[in-house]
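Using the sequences plus the hints, can you model the full thing?
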Amino acid sequence: MRSFWTALFAASLVSCALIGFVGCGGGTEETSTTETQQTGAPETTKSEGGETQQQDGQQEEQAAAEGWGTIKGVVIYKGEPPEPKVLVKEGDTTVKDPEVCAKHTITSEELVVNKENKGIQWAVVFVNRPAKIHPDLQSPPEEPAILDQIGCVYVPHVLAIREGQKLIVASQDPISHNTNIQGFRNTPWNRVLPPAEGMQTRLDGPSLVAEPLPMPVACNIHPWMKAYIAVFNHPYFAVTNEKGEFTIEKVPAGTVHLVSWQEKFGRGPGGRSGIAVEVKPGETTEVTIEFPAN
Amino acid sequence: MPATEATYYNVKRLHVIFGALSLGLLVAILWMIAADHMREWKRVQRDFLVLDARRIEAQLKAEQDKLDKQKLEELKRRRQEALQEIAQKQDEIAKLESELNHLEGALGLAREKRAITQSVRDSVASKLEIAKAEGRPQEEIEELRAELRELDRELRELRLKEEKAEQQVKAVEDKLAELRAALAEVEQEEKALLKEVNRLQQALESRQWGWDEMVRSWPILDAFASPVRIEQTAHDDLPLDFNFAPVPRFDRCVTCHKGIDSVQADGSPTYTVETIEKLGGKQSPYWRAFLTHPRPDLYVSANSPHPRETFGCTVCHSGQGSGTTFTYASHTPNSPKQRERWERSFDWHEVHFWEEPMLPRRFYESSCLKCHVHVVDLENHPKYGNPAPKLLRGYHLVRQYGCFGCHEINGYSEGKRIGPDMRLEPQTEEERQRAEANPNQPPGTMRKVGPSLRHIADKVTPDWVRKWIKLPRAFRPTTRMPQFYLLSNNDGETPGSEPDDLLRSDVEIYGITYYLFQNSEPLNLPDPPVPVDPTDEEQVARGREAFIEKGCLACHTHRAITSTIPRATADFGPDLSDLKLKLVDADGKPNVKWLFHWLKNPKKINPRGFMPELKLTDQEAADIAAWLLSQDAQWHETVSLEREESERLDQMIDDMIRTSLERSMSVVLAEKAVTEGLAEDELPPSGPERLLTAPISRHKKLMYIGQKTIGRLGCFGCHDIPGFENAKPIGTPLTDWGRKAFKDPEKLEFMHVAEFVEKQGPRGWSEEDHEYFLEGLKHHKGIAFLWQKLQFPRSFDYNRERLWDDKLRMPRFPFADNPEDVEAVMTFILGLVNDVYIASNRRALPDPVQFAKIEGWKAITRYNCAGCHVLQMPQVAFDATGVSAQGALSAHKEEFPEVIEAQRQMARDARVRENLYLAQALLIGDGVPPLSFPDPEQAEVYSLELWEPIKWGEDGVLLVGDRLVVNDPAAVKLEQSRPAIGGQFAEILVERLAEQTNQQYAQVWGFVPPPLVREGFKVQPAWLHQFLLDPFVIRPAARLRMPKFHMSDAEAAAIARYFAIVDRVEEPYDYVPEREEAYIRRREADRPGYFLQAWNLLTMRPRGDQQQNGQQARLCASCHRIGTVYPQGGTPEDMGPDLHKVATRLRSEYLWQWIASPRRLLPYTGMPANFSAVTPQFQDVFKGSSIDQVIAVKDVLLNFDYVAFDVVGEDGERASATGSGGE
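Taken in sequence, the protein lines are chains A and B.
The opening residue of the first sequence carries number 1 in the numbering used here; numbering runs sequentially from there.
The opening residue of the second sequence carries number 10001 in the numbering used here; numbering runs sequentially from there.
It should be emphasised that the hints constitute simulated quantities derived from the structure, not laboratory data.
Among the clues, some could well be false.
Partial selection, computed: residues in chain B whose CB lies under 10 Å from chain A [claimed, not checked]:
{"hint": "1", "residue": "P10979"}
{"hint": "2", "residue": "Q10999"}
{"hint": "3", "residue": "E11133"}
{"hint": "4", "residue": "G11166"}
Where a beta carbon is used, it is the ideal one built from N, C-alpha and C, also for glycine.
Okay, structure coming up:
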């Protein structure tokens, strides 16, 4: 009986996280809004540890404008998308733990392109050094982000979280996995996840600080397993959905720089500093980002 | 004869003469006194005193400025107040003082009285004992006893009185002190505040002369207690060599170099050019003498390994230590400019009669060799880095170019170590036995540097060999093979060489080649079992991949690879770019057979070569051979020889044989030898002439020329050549050349060489250097001779008329074109001084442990271990204020406290200066190759990954694998950082794999040769020893195999010991406490079933699976084979090392840390942390804390055989059964 409730709780958490993550940065969370006066956040924000965290890119003049706007866009693939590589064939007994991992065919998510609109899933788009942060979004979301492992595949493939947000590493497989997170600023984290009762393994992940690029996550036991975790010290980021779409809300009005990243191609148009986007108060700005960038 | 008033001499005249002489004498004495008073060193000392006083004055001023003025004022005020207060209470004080006086008198009396009574009592006591011993009457004894008792009582009373008096005195004293307390407090505070100022004031006073010093420094008076005086140190154990007699060394250098060992509180030099300039010290022409010695941490200062008192100066610098003038100290200029300045300022001239003039600045490092006879102890010193880089460069050049093949470099003299020992190893069995029987020196250890020519016919063609000999660089511009022909004394052009010399050269080349091929011993190699086809594009493509990935690039380079991987420039082995031209078989086809077998088993072809057995499969060897032989090749310069069948050649052959024979036999016989051949009785008893028997033939003539030329040019110094196994080195021994260069330059023949050099011009050298050495040549200096000999060895024949056989024969080495290399080799050779008198305890003779380390390092260098493996990570200098350890430290909360503690024990104090740290670390940034320092313009460094535990802050510690976030890019000081030692190939492979798989460097590092940082701490020396001799597969995932080197047992042992010694761990490692019977029993007694439970933990299938769907989930067995327990599925690339071999491989201390927290030992490892330090898991398998589980796994791994066979049973079935079921 107890395990049923645990499972239910976990499942609800997973779905919450997934919902929250699809609309990431969309401000769907009802976070406790602070009443403090907006003074215009400094270009660099002090993190918990007292060190100055900076997103990549050069100093930029932030247009002084009042109000907040929305950036809506799509990341699309230029050219004919290649067929995704098959990583594990169904029923292949030569792979590790075949009874779990070769139950279904696993294809590479390195480049997932929507056949209809050529939208790229799992791209990360974010505002480079936002001038200020909307009062609703001052503190990181309270609900944890979950990196799950289902059938020897990481779910989601790309996870974007905010500095200070709790990370949970989970597994629903009846075999051991390990989660090896290699960042630039974060001390590497590599822990084993032995299967727990009811195959609902949960482990508190490390507390992560903002990273200049998404961090690769790998399972050394099952070498095809790959995922990425992006960590930001502001709320203006998104991971594209299966149509390559993304929405970033409550962005400070004015000229902002939008940086994009995709696993296979690395940084997108504009490189480290990104492309300039004009955000008007109360309006939605549409953006199309193409990969690979020139 | 009557007495008269007349004197024999005219007195008046005598008076005049005497008067004049006296006057003359007086003038002479005055002159003498004046000259003595104005001696150079006195002026220098006076100038220094002024400078030193100025420095202290400046310090004093700074210190005074720093003083808290307010506080000082306040103290002054308080003192006034206190004095006033005292004055007010003067009456009371006076009263108390008189009372004190009185009481002290009483106390004195009381003390005296007690002391007297005490001695009376003691005497009575001894009388009593004597009386008892002598058996006196009882009454007498009783009487004495009563007396003693009475005295004891009296004594007690007196003591009471004394104590009372003491109390009274103290009470009055306290009262007085109370009245004066305010003043005392002020005085105390003043003293503390002015401590530094007072110290400096005192120091200043001692440097500023008062009237007494003035008087004492007057002429004549200064002979007695002059404030300026000669200072010297005497060194009996570092004597001077006065032609076979040791004479104690006296060094007076500090008489002038007074600031030489002056260091500041932080150890940095007091007097630098800047500080002297700032103090206005440059007014003195002698200001350079006041400079503090560079690197006082290493030299001269009292805390350095070379304190002045012990070593003096001239043992390193040479020069005349007893000289007290600039000239007679035998200073040697380093450039013509310096010489001019000295001549101008100090009236300097050369001292011709001092045989050890000071070494010019550029050769300072030479002297290190006097004591550091093993040389490599000066390399990568953990504390001092590389203090003698030029000397080390010279040593390695000599080692690589094999100078010792012709020139003996003997490190022994009568059984004593006197210098570097670089003798060739014995070439034959008899020679080895003879050498081993000699108690005075062990056999040489150096291998011949060139390839063996014993099987040359199997490898190359005579045509290629001839062109190669004539001009090696034409085939391979980066070769180390020296050039013998087309040099200034045989090019047919330069004065001193005649046009026929070109033909003579060709005759010799034909002879050598002919001899080599005639004597080549066939290898009878079979055809490769796998086809090798350089025209097969697929095979060639595979071969290229294998060439890159199988380790060839660790030692070799190839044009076709550097075009895409510019970093692949290894030069341990030859550049393989043009092999296609070289490896041609007798039929003119690519010599796939030789190359295939060379790749598969090089030892069979050249047992003393350095090419290891790479453990290639037949297919891989074939592919690599195909690729190498498919690449376009070309001669880089045109080389032509006379046609083989030409009449001119034959005539010249005869001519050369004739000329050569005429030196040892009659003209008639010589002619006969060429035309008919010689009869047995006409032949000399030995030598190549014995080949010239009748009937003579072209074959015999060429064999004669070949053998004679190989002997004359000494080809066997570098190559193994049949027939020359017992030949002796042909060159001048270098063992004491560094001494001879100064002592006997007249034995060197300079002839017209200066003219040659003047014509040549400076070439790669600066005008100044060129002029410097040219001057030296003109003045017949040994140093200049060496300079020219290394660059143009034949130029001493310039413009001379010499017979072919008499011409100089030293070849020109390719390093001759690089001035830095030439100076480095010179530095090494000038250090070979054969100083037999230095006391052994003064030499850097290592103890057995250090010696083992040196031997190990030499073997590591010899086999180029650093080509693949990182031996030390980059040492990154960073400013602690610009980085943050916050994240790393908070991650420690999830770490095992035991691991933190263990690393705290290992942690080094990496702080260099206040906030500057220097620690082994990697720079982590986007696109920053793992071992490289990035161009700050191109890439940003985000964090530093530590590779050694270091002390941090007050009593904190940072662990291996911690990331220090770089907040300020300027915090990373690249210019003060030191690059990694070794690992170039590993880095190439990591970059390549990361690019191929779109992963980060850390994720692919596990597939390449591992870094050997902490290797000694990791593995058991006995295992490493075995592994080096017979490497096997440890990590199935690795991309390439550890090759098998043809090292001796001793070398393997030395390398194994080396790693243990540098990590300061126990070696040998024979005793493993965990394997002790008592330990095993204790474990089992404390927890019945301990080893079985531990085994289950190791091999378990964590629960949750069986009940539900019978999956084979495992912990360790997810990746590792554990005896008979295998992971489910997967390819070798997915597997970790086989755990049943851990027991003999890893050290216990390493093993448990590794199981607990792998990345705390190897940050990039893919091995996860299996046991959470915070939450214990697997309680149904092994109940206990996580660290207990870690220890249990360690115990079972170290007792694998015992557990597998005695506890679990042979097949491990019981383990699986129990493991799944829990309790």
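Tested hints:
A cut of 10 Å between beta carbons decides the hint on P10979 (chain B): the least distance to chain A is about 21 Å, and the hint is violated. Checking Q10999 (chain B) against chain A by beta carbon gives a least distance of about 7 Å; that is within 10 Å, so the hint holds. For E11133 (chain B), the suggested interface contact is upheld, since its CB lies about 7 Å from the closest CB of chain A, less than 10 Å. At its closest, the beta carbon of G11166 (chain B) sits 3 Å from a beta carbon of chain A; the interface hint therefore holds under the 10 Å criterion.
Going through the hint list in order, the structure does not satisfy hint 1, though it satisfies all others.
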